[in-house]
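J.: Below are the chains, spelled out letter by letter.
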Amino acid sequence: NAGVMQNPRHLVRRRGQEARLRCSPMKGHSHVYWYRQLPEEGLKFMVYLQKENIIDESGMPKERFSAEFPKEGPSILRIQQVVRGDSAAYFCASSPPGQGALMTFGSGTRLTVV
Amino acid sequence: AQRVTQPEKLLSVFKGAPVELKCNYSYSGSPELFWYVQYSRQRLQLLLRHISRESIKGFTADLNKGETSFHLKKPFAQEEDSAMYYCALWGAQKLVFGQGTRLTINP
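Protein sequence lines correspond, in order, to chains A and B.
Note that this note's numbering gives residue 15 to position 15 of the first sequence, counting from 1, and the numbers run on in steps of one.
Note that this note's numbering gives residue 36 to position 36 of the second sequence, counting from 1, and the numbers run on in steps of one.
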């Protein structure tokens, strides 16, 4: 089992471009969580998804950010028109149904906006 | 709303000395608490959870509901314990993390 796979590990975008971050959950895991870690801060919850369903997006900024977890393929966190303040590490975690408390984290994607 | 507070951003102790990383929480329901560790350039890993009452790598943590605390302790620190440590609370279908404490063990 390869664990939670995130790619790319590092992503550099110019202001105004779009960033797409991908997360492939562990085999057998159908629940995905996205967290953001700003410099010198802890991990902040962004969104919780199940296949084809957004369960809780209370931590997502109201504009420019969206997430999906399609029936087939990885979960995608999409940031449109990136700004310098979006520079952060974005972590994905996955869990089996009903075991969210035991989520497993990926290695993260470090986004740098220049 | 749930909240986790780790009052120390940085903690430095000498090898062999006792370590205590503080964590306080706020939650109206019955809490489920965790400690995660992140070694340099590695992913976040679960260190321990309060309901299992295990000791992992010599670390223990006891849930004190009266003081709403879940402090992480180790009697004798080792250099390989240097890392970022995060306290987290599971509630409302998500993990809420504290700000983290960077622990440095000096030789």
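Some hints could be false.
[What the hints assert, rightly or not] Partner residues are not named here, just some residues of chain B that face chain A (Cβ under 10 Å, in silico):
| # | residue |
| --- | --- |
| 1 | E32 |
| 2 | F34 |
| 3 | Y36 |
| 4 | K94 |
Quick caveat, the hints were computed from the structure, so don't treat them as lab data.
These figures come from a predicted structure and were not determined experimentally.
Just so you know, even glycine gets a beta-carbon here, dropped at the ideal spot from N, CA and C.
J.: Of the numbered hints stated previously, which ones are contradicted by the structure, given in increasing order?
T.: No numbers; nothing is violated.
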